[in-house]
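2 protein chains.
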Amino acid sequence: MGNIKIHGLRKEKRKFFFVLLRLAEMGAYQRSIKVSTFLLAEKIGLSQQTASRYLLDLQRLGWIERSITRNGGLIRITEAGRSVLREVFSRLSVILESKIPSSLMFEGVVFSGLGEGSYYVTREAYRRQFIEKLGFDPYPGTLNVKLLSEHDVKARAELDNYPAIEIEGFKDKDRTYGPVRCFRALINNEAEGAVVCALRSHYNSSVIEIISPFYLRGKLKLNDGSRVRVEVFPNIPSKKGET
Amino acid sequence: MGNIKIHGLRKEKRKFFFVLLRLAEMGAYQRSIKVSTFLLAEKIGLSQQTASRYLLDLQRLGWIERSITRNGGLIRITEAGRSVLREVFSRLSVILESKIPSSLMFEGVVFSGLGEGSYYVTREAYRRQFIEKLGFDPYPGTLNVKLLSEHDVKARAELDNYPAIEIEGFKDKDRTYGPVRCFRALINNEAEGAVVCALRSHYNSSVIEIISPFYLRGKLKLNDGSRVRVEVFPNIPSKKGET
DNA sequence: ATTACTACTCACCGAGTAA
DNA sequence: TTTACTCGGTGAGTAGTAA
Chain A
1 MGNIKIHGLR KEKRKFFFVL LRLAEMGAYQ RSIKVSTFLL AEKIGLSQQT ASRYLLDLQR
61 LGWIERSITR NGGLIRITEA GRSVLREVFS RLSVILESKI PSSLMFEGVV FSGLGEGSYY
121 VTREAYRRQF IEKLGFDPYP GTLNVKLLSE HDVKARAELD NYPAIEIEGF KDKDRTYGPV
181 RCFRALINNE AEGAVVCALR SHYNSSVIEI ISPFYLRGKL KLNDGSRVRV EVFPNIPSKK
241 GET
Chain B
1 MGNIKIHGLR KEKRKFFFVL LRLAEMGAYQ RSIKVSTFLL AEKIGLSQQT ASRYLLDLQR
61 LGWIERSITR NGGLIRITEA GRSVLREVFS RLSVILESKI PSSLMFEGVV FSGLGEGSYY
121 VTREAYRRQF IEKLGFDPYP GTLNVKLLSE HDVKARAELD NYPAIEIEGF KDKDRTYGPV
181 RCFRALINNE AEGAVVCALR SHYNSSVIEI ISPFYLRGKL KLNDGSRVRV EVFPNIPSKK
241 GET
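Residue numbers (our numbering), protein chains in the order written: chain A, 1 to 243; chain B, 1 to 243.
Honestly, I wouldn't trust all of these hints.
The list treats identical chains as one, so a pair stands whether inside a single copy or across any two.
[What the hints assert, rightly or not] Once the Cα atoms are required to be at most 16 Å apart in a straight line, the calculated EDC-like pairs of lysine to aspartate or glutamate come out as:
1. K11 x E42
2. K43 x E190
3. K99 x E25
4. K154 x D174
5. K154 x E65
6. K133 x E150
7. K13 x D160
8. K146 x D224
In short, the hints are calculated from the structure, not lab data.
All values reported here derive from a predicted model rather than from experimental measurement.
Between the sequences and the hints, there should be enough to build the whole structure, so can you do that?
Pasting the structure below:
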């Protein structure tokens, strides 16, 4: 979730991305092109020897195909190589084209509430929706985090502007329960969960409440006063079709 | 033209691009975010010390702004930094979204024609259009290049499918002169010019004819039999609005 | 807790050169 | 002509640590 290592190739991507981009610009994205190591060296501003090694490495990685003749080899980018370029492109698209940041980082301190969290989370009508829309059955309780700095409080307020996973309100015979907005989150870079924002919260915006399939105080060894880092992903949608 | 060093920062871009991308994904593209060197280190998979140096370097480059407090600095990407990301994005767009390659590379051998090139280039109605649409007054003569390999001939044939800078045909009292398709080109990675493709050419598709503001045989020290490299840019439009 | 210095290691780049 | 090897210098990344 945001951090999972799909990439056992981080280092390689960093090293070879711009060379691959150059080759693509020379036409190797769609066709075979004739490139000598000397020509490539010129284009990337490095030596012929380095260009040669780069091509060998790219070949070993399976990002290009190559057939060497005596006056410069024929090169074309493979599907694997194309997907490297596409991946960077789509990461940039998200950043440049969407107004919604891919994640927001919060820092705060754990504190104990009065158990209201637990009460609400265990209401069956809420619980059913958490399971359906978030994909997990929440531990019966919330982790309350007090935001300390100005900066965090401002960022928290911004969350209100982003599209959330919406949990509908309901009534029972005694009272009404308001709608809740959720955002997927990662706590201490380790445990998945969600930030829940009740529209009529008993807390002000310097507090965030977190639910999770795990008992977070146990899993992350937290006590009152522990510092936690919460990364919120406003872009990750709910499991089942939601706006 | 394709190769001009707008970038005195090639090396820096290669080195810092992915770090900048990471920071952007963490939200620094639009807002200030709180990032400790330790957190950044985690995200990029390198040590805290390296992350610290990266941030210092990015700051010196003017790609980020930074204010250090005692629990992690506040960081935001500057306009200069954003433009680095946008540049890579647009280079990728060109490759991924257009069917037209940004350049095609040809290799061949210089040979002498019978002077017809010179005759056509100096027709006033052609010359006027070259000046208007290509932005240069061509040397009165063409450089003929014989393509030797199968691969080059195929690539030459592909040019017919790409949108060219169109030079209109005309009539004088004696005869008609056909339309001509031009593509901007770089000869031996050094001299600007254009490849001209007459629709009714006296040559077959294993030859390309080049015009240039320069006397290329002189400028590039070419003789009959010299090998030349011609890079053709099918995407660079004419000076004045042309389809 | 932070940031960032110094010192050290190792990987990378390029000169020379063989094939 | 090419490609790509070896090898030596340089610069990038990390451990230790001060502030």
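Each hint, compared with the structure:
1. K11 x E42: Answer is between; shortest inter-copy Cα gap is 14 Å, intra-copy 24 Å.
2. K43 x E190: For K43 and E190, only the inter-copy Cα distance (12 Å) is at most 16 Å; the intra-copy one is 42 Å.
3. K99 x E25: Answer is between; shortest inter-copy Cα gap is 12 Å, intra-copy 29 Å.
4. K154 x D174: Neither. Shortest intra-copy (36 Å) and inter-copy (79 Å) distances fail the 16 Å Cα cut-off.
5. K154 x E65: neither (51 Å within a copy, 19 Å between copies)
6. K133 x E150: neither (32 Å within a copy, 58 Å between copies)
7. K13 x D160: neither (36 Å within a copy, 35 Å between copies)
8. K146 x D224: Only inside one copy: K146 and D224 sit 10 Å apart there, 80 Å across copies, limit 16 Å.
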